[in-house]
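Those protein sequence lines, which keep their order, are chains A and B. Going by the numbering used here, 123 is the number at position 123 of the first sequence; the sequence numbering is gapless. Each number in the numbering used here corresponds to the 1-based position in the second sequence with 1000 added.
In short, the hints are calculated from the structure, not lab data. Accuracy of the hints is not assured; some may be wrong.
Here are the simulated DMTMM-like pairs of lysine to aspartate or glutamate, each with C-alpha atoms no more than 20 Å apart in a straight line [to be verified]: (1) B:1104 <-> A:157; (2) B:1212 <-> B:1011; (3) B:1109 <-> A:166; (4) B:1243 <-> B:1204; (5) B:1212 <-> B:1024; (6) B:1104 <-> A:42; (7) B:1212 <-> B:1030; (8) B:1104 <-> A:154; (9) B:1109 <-> B:1130; (10) B:1212 <-> B:1017; (11) A:52 <-> A:42; (12) B:1118 <-> B:1177.
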Amino acid sequence: MAANKAVPYALGAAGLGAFLGIWQAAPSFGFISSALLPKPSDIPAAFVAEIKSGLWVDAVRLSLEHYALGLLCGAFAGVVLGILTGMSARFEWTLAWVVRVLRPIPGLAWVPFAILWFGVDQPAAIFIIAIGVFWIVFFATQGAIRAVDRDLIEVADAFGFSSGFDRLRKVMLPAALPGILVGLRTSLGQAWMSVVAAELFGVAGLGQRMTQASSLLATDIVVVYMLTIAALYGLMDTLFLAIQGRLLAYRP
Amino acid sequence: MSADAIITIRDLALAFEQNGVRNEVLRHLDLDVPRGQFLAIVGSSGVGKSTLLRVLMGLSAPSVGTVTVRTTAGTERAMALVFQDARLLPWRRVAANVSFGLEKTGLTKAERRDQALKTLASVGLREHGDRWPHQLSGGQRQRVALARALCIRPEILLMDEPFSALDAPTREALQDELIRLWQSQGITVLFVTHDIDEAVYLADRVIALGGKPGEVRSSLAVEVERPRRRGAPSLSFLADRVKADLAAEADHHDWVI
Ligand SMILES: Nc1ncnc2c1ncn2[C@@H]1O[C@H](COP(=O)(O)OP(=O)(O)O)[C@@H](O)[C@H]1O
Ligand SMILES: [Mg+2]
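So that you can see chain B by itself, here it is in the shape it has in the complex (with noise of 0.2 Å):
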């Protein structure tokens, strides 16, 4: 166990139970996330993604195994959650959304709006605090949620495929964005994606899950220097190198099957 981890994940499981069908989701998962890194979960569709951000969230509980995460100042809120539609409000203006989170704190009314109207900007919104979520384009409402997460000042940023519902420029302008925002303030992300060429372009580590129950089928670090090229070979190469492992794992349950 690294001592700067700021989350340590210890033999996890989780299974679901439905009418009385025990639904194993994720098991033996051990992962150890060093604070500031980027790190990027990919997996196919239902191996559990979305499963270990909710328990990482504490929005449900594993059947076995620890999760333990050190955030600095015990702040309440150290970790925001990105989820893929960007879930706004529809009867709050965007800043009244982005500061949603902060209604937990003792701020006021117009400290909240001060600090929405910042993260705003931060997210390149610095105009749209009064719009409602319906007038912006799909884009733009994934860049407000952004800024909601990031709006309470979290430790840790979790995201939840955040981009793949945006055609190819807007994601990639996002991606960068991200990625600007992540250097500049520190602090550590987790992202999930099914999209293993983003994953390795994100991130410093990539870790792929695979199997019924998903487990852990590759943790790969990705050592190319910042910032990166898109479609790099060095970045291609890793991309294989997951796919491989993903796939070879697949081969390997077909024929024990």
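So here's chain A without its partners, still in its complex pose (with noise of 0.2 Å):
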């Protein structure tokens, strides 16, 4: 059994060992330029340097907050309509053709408007990110919302929960709690991609940094910075596995 267990983690160091293997490998036997792709081994001096100028805490810090804010600000007003579309047909009815205008409208084609509203600063960034993260919790909640048990719904009545708000609260609420979580957690990715993006035109940050390194040819820094994204979205989806396995103990 012990055995067993080890395969996962033995394939998983393996393919890691072999990816950085062929990377490294190809610069070297110049199949590739150097300036092209850096070298795995040239990392972590790149790393070291980016550190001390002090460059990388604060690119990390400024966009861990457009992050934060931007997850907050989105995932609040995508929980709040989506429940209120699940739960009243007259209010989806309403939105409907809004939402179908608004919806196919990419994160990034915002951009104008988000710096005519609210300058090239933080508060720009957030509402890009902010943008990506409301549709994908918005559809899960009011997904999760509407395929309530409606039997459960029921319980809720035949023990004088039966207002719009006691039903939510007693119910419908943890009911849809798992499909609410999964939305949650896809718009974990997805918020680090409108990071970068929304950083793109000039918000100080990772993606700010990173167009930096690359208009001067610092392929090595860009690097550094992607696996800063890459450890930072390991880290924050072990940890919102750890609270979701928390929140649904319950299930077997």
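Starting from two chains that each stand alone, build the complex the way the hints lay out.
Here it is as structure tokens:
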């Protein structure tokens, strides 16, 4: 049994090792110029330099702010509107065409307005990130609320929790929670993509630092930030899973 | 109208309107349920048994007629309902499921839990308060559903085919336990089932609904001493009469059509 448990870890390590090996080999054997693709062995030095200059800490701090606030605003709006449209057919009908008009507009298309409304400043980045998160969480919440077992709602009614708010609080929200969490988890990754995109147009953070580095052909620095994003995402996703595990501990 | 009736129904009718089609479910329904009686309501699927319970709970409004419920203390939740499938809330532990209905009252969390654990003990699940619903067997889940209903100390217990999804030994154990609880607590029970033998075994009186829209086709007092023996000739005799009443009406209907 112990051997079986080790297999996924061993294979994971082997896969990662092979990936790094090929990556290291490609520039070393001249398949590709090391100006175009930095070697993995160059990355630690670039990382240390970036930290020493203080640029890394600043960029990560700012981006985390954008990420957290964008996620919070988008998720909050998504959950609230998802619940309202999920519970009330009238509300859903009212918003149906507004949703169809706004939904296909990519987050980046909002950049001009974000700049006009908020300036080249943090709120603009938060706005762009929140939009991406909003749609994911909105649809996940709406779907989850609609899918709540009618029989459980009848239980709420039978025990005197028949007002909309009581039904929501006692039955619908807990019943919809797994579905809402799926949306939130998807948006954890989506929000990082938006962070980079939102900072491309000048708001300080990871994205901006990556643009600067790439214009100087400092590809090693670009890779440092790519890996930074990967690490932060991995951390958040792990954290999220731990919290989710506690919230959904009742499941077999 | 008898003065000691806890439930009085007069000329009740109920119809659902769906896509402009009127679906009459119940009509001309009169019923008096004396306080403390164990009343069984039988009838085939779709005749309107669940609908009748929903009307009594105040969850559906009748199209015509009156429903009067006379509970003594004027307690807010005088009635509790047990469904066919236990319908426990999977995200609550067993004790929190049982105390669900108490959250409308002014009791503190500790008092609610205390009352829930006592009620759980009364259905033989003293040790199960901290389990999750999915960790219980079907019979245990149904016991918890029964405890959840009893926990609010209802004066009237409404049960909608509560045991029909259980295997025979579990069902029989729960039937006897229900009788014991009913006798010790002095509540009024309305027990819906499509199993006529079950109805006759449990009840003081059996009402049979039949037809479309559903009407009372048979009302029979079961004056057999308790404790009763399953399959006793006196019970089988009464069950056959209920079946005959329902069958006679069915034939009559075919002929009319
Ligand atoms: N909410 C509802 N809307 C429309 N029709 C309903 C509704 N509830 C029940 N009915 C109809 O009422 C009839 C009786 O249903 P029900 O009371 O569940 O029967 P039973 O419990 O005796 O099997 C059925 O024909 C069913 O289709
Ligand atoms: Mg039914």
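Okay, the hints, checked on the actual structure:
Only pairs whose Cα atoms come within 20 Å are accepted, and residue 1104 (chain B) paired with residue 157 (chain A) is accepted, the gap being roughly 12 Å. Among the hinted pairs, residue 1212 (chain B) with residue 1011 (chain B) is consistent with the structure: their alpha-carbon atoms are about 16 Å apart, no more than 20 Å. Of the pairs offered as hints, the one joining residue 1109 (chain B) and residue 166 (chain A) holds, with about 18 Å between alpha carbons and a cut-off of 20 Å not exceeded. At most 20 Å may separate the alpha-carbon atoms for a hinted pair to count; residue 1243 (chain B) and residue 1204 (chain B) meet this at roughly 17 Å.
With a C-alpha separation of about 7 Å, the suggested pairing of residue 1212 (chain B) with residue 1024 (chain B) holds against the 20 Å cut-off. In summary, the hint linking residue 1104 (chain B) to residue 42 (chain A) is not supported, as the alpha carbons are separated by about 65 Å, beyond the 20 Å threshold. Annotation: proposed proximity of residue 1212 (chain B) to residue 1030 (chain B) holds, straight-line Cα distance about 16 Å (limit 20 Å). For a cut-off of 20 Å, the pair hint linking residue 1104 (chain B) to residue 154 (chain A) stands: about 16 Å separates their Cα positions.
Between residue 1109 (chain B) and residue 1130 (chain B) the alpha-carbon distance is near 15 Å, which keeps this suggested pair within the 20 Å criterion. Note on residue 1212 (chain B) and residue 1017 (chain B): the hinted pairing holds, with a Cα-Cα distance of about 15 Å set against a maximum of 20 Å. Note on residue 52 (chain A) and residue 42 (chain A): the hinted pairing holds, with a Cα-Cα distance of about 16 Å set against a maximum of 20 Å. For the hint pairing residue 1118 (chain B) with residue 1177 (chain B), the CA-to-CA distance comes to about 16 Å; that is within 20 Å, so the pair holds.
Going through the hint list in order, the structure does not satisfy hint 6, though it satisfies all others.
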